[in-house]
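> Following the hints, position chain U against chain E.
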Amino acid sequence: MLSEESHLSDQELLLCVDGELQAPEAGRVESHLAACWACRARKQEIEASIGEFIRMHRRNLDARIPAPDGPRALLKAQLAQLAEPPRTHWRLWWAAAAACALALAVYPIFLHSMGRPAGRVVAVMVPNPSLTPGATVLVDQSEVCMESLTKNKTVPVALQRRVFDEYGIRAATPAAYEVDYLITPALGGADDIHNLWPQAYTATVWNAQVKDTLEDHLREMVCDGRLDLATAQHEIATNWIAAYKKYFHTDRPLTRFH
Amino acid sequence: MQRMPGSPTESNAVVALSAPAAHAAHALSGVEQEVVELFDQWRDPLLRYLSGFWLAVPDSEDIIQEIFLALFQHLRGGKSRENLRGWLFRVAHNLALKKQQRTRRSTIVETDSFIDPGPNPEDQLATSQARKRMLAVVEALPEQNRWCLYLRAEGLRYREIAEVLDMSLGAVSHSLERSLAHIARAAER
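The listed protein sequences correspond, in order, to chains E and U.
Anchor point for the first sequence: position 161 equals 160 in numbering that gives the first Met the number 0, and the numbering is continuous, going up by one each time.
Anchor point for the second sequence: position 4 equals 3 in numbering that gives the first Met the number 0, and the numbering is continuous, going up by one each time.
Chain U extracted, bound-state conformation:
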């Protein structure tokens, strides 16, 4: 048996690794529990929506943390529980815009990452030219149209989308119609 001669220069690993233990014993309150449950339910849809802002995934994860901490304050303050879904996406949208302004063009996710065909041959086959064209079309959509499409894809009703994006109902339906027409043309070609 040999010992390795080299060693990392950083220290404190024990302290850091042990730190979560301090909170492991913390019993979640009703509101905390509710927030964690909503996190489990809405984290993935929110991350998918945030992908429409071309933020790096760690930045999107930062935003998710901020959203649910804000939600905790919101619920603990006894504020409205009406349409929490719309509330979550509205906060996500506003935080993403802020983050986008701070990081624009510096940490933009390469679009190629979204056309990775995946590891197995079936996935590779499925990543057809039509799919790539469609992806290119979606990426080329004006931001507002893309956000509309992504919000609808997560199940938001037109009224909710209108509130998140501060648009009229008519503008939402026009936007979706135009985007779907582009997608249909890309699929046909």
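Same shape as in the complex, but just chain E:
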């Protein structure tokens, strides 16, 4: 018969739950548990605490972990650079020059996508103004504020191809981008190549979801009469990130874990 003194400690129970007990000790603990309701109940309480913690831990973090596509693409690009074998041939200089050019191009994409300043920031999160200045259809405030205009529109595939061609993105890379409207149709943006740009999936901070939030906010302001439509269109076309910062009074997206 077991006495009160022989009850298992919480530490023994935790080691048992975690499968960390060695053979002779594990047998003793198992035998005790088979005989002792109190210790079995305590073991269940410990398991319940673990369950509670894991549920909270995952719930609070998993939904906020950014999509892996951008970081994976960046890792592949950096691995490719690291994997470059050392050469003695004169072509080494060309390889070095190409690697430097790539680093200058890719690193700002990464830094900018993380929402922090880089030394020479290349405008990868806003479109090239000469290719995508923005274009609108002739609508007024009342038409824009009709419910039917608020739905997201899909860009026709043929138009997507033309956008990629314009931006010099070759056939192998379009999967890294989403063709997006610069001025959303919900604010009178046109189905026109001058209003479409390839938004890089490498963006983890200033991404499409953040831009959607801005679009919704501007549309609300337009429909409430707090902002005129032309100004909203102009600001989003000029620099949507600057517009976001201006209208949300922040330097970073308000929702985290984009």
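No lab work stands behind these hints: they were computed from the structure.
Careful: at least some of the hints might be erroneous.
Unchecked claim - Below, computed lysine-lysine pairings styled on DSSO-like, alpha-carbon distance capped at 30 Å: (1) E:Lys75 to U:Lys78; (2) E:Lys244 to U:Lys98; (3) E:Lys42 to U:Lys131; (4) U:Lys78 to U:Lys98; (5) U:Lys97 to U:Lys78; (6) U:Lys131 to U:Lys98; (7) U:Lys97 to E:Lys75; (8) U:Lys131 to E:Lys75.
From a predicted model like this one, the values you see are computed outputs, not experimental measurements.
Leaving out everything else, chain U in the frame of chain E:
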């Protein structure tokens, strides 16, 4: 049809957007492929572990990149493949400590971000007072205890945790026991 009069001042977007194309054609070597596969497998667990250092997410993503580039060098150098999981978390831990020292108190993630109830009513309901209390308890744990708990949550055995945190096995089990006792009390109240 109207053209917008304004335009961004930055240029070179075409160059930058086209840049990844240069590497799209690069065929991954065996080791590169292995590293990318390990990235896919371990990025999320590592990010969850790094959340225990209160670093901003972009800083944690920086660390993840560093870890897997170091892993590439490690594997390419023919070094041990034994317990790569422990290796990944040990490197993550050391890099996070360095980053934490550099950025301490400047880019600390606001704790409120972890108690956001989420967009739907079900999530909001689930974010009960008990859950908030538990979260507060976990956040208030001494760092070592919190790291122990987070590593165990990612499936590391006590011996692996001891190696990552440079603790004894006994200290690991004491730490976990204490943390779980705090969590249990928070859930009961």
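> Given the proposed pairing of Lys97 (chain U) with Lys78 (chain U), does the C-alpha separation stay at or below 30 Å?
At roughly 24 Å apart (the allowed maximum being 30 Å), Lys78 (chain U) and Lys97 (chain U) satisfy the hint.
> Does Lys75 (chain E) sit within 30 Å of Lys131 (chain U), going by the straight-line distance between their CA atoms?
39 Å, violated
> For the pair we were handed, Lys97 (chain U) and Lys75 (chain E), check the Cα-Cα distance against 30 Å.
25 Å, holds
> Keeping to a limit of 30 Å between CA atoms, is the pair of Lys42 (chain E) and Lys131 (chain U) held or broken?
Holds, at roughly 24 Å.
> Quick one, are Lys75 (chain E) and Lys78 (chain U) close enough, alpha carbons at most 30 Å?
Given that 30 Å is the threshold and the Cα spacing comes to 21 Å, the pair holds.
> Are Lys78 (chain U) and Lys98 (chain U) close enough, with their CA atoms no more than 30 Å apart?
Distance ~26 Å between Lys78 (chain U) and Lys98 (chain U) Cα, so the pair holds.
> Are Lys244 (chain E) and Lys98 (chain U) close enough, with their CA atoms no more than 30 Å apart?
Holds: Lys244 (chain E) and Lys98 (chain U) sit about 27 Å apart, inside 30 Å.
> Would the hint linking Lys131 (chain U) and Lys98 (chain U) be met if the CA-CA limit is 30 Å?
At roughly 28 Å apart (the allowed maximum being 30 Å), Lys98 (chain U) and Lys131 (chain U) satisfy the hint.
In summary, the structure is inconsistent with hint 8 from the numbered list given earlier, while agreeing with all the others.
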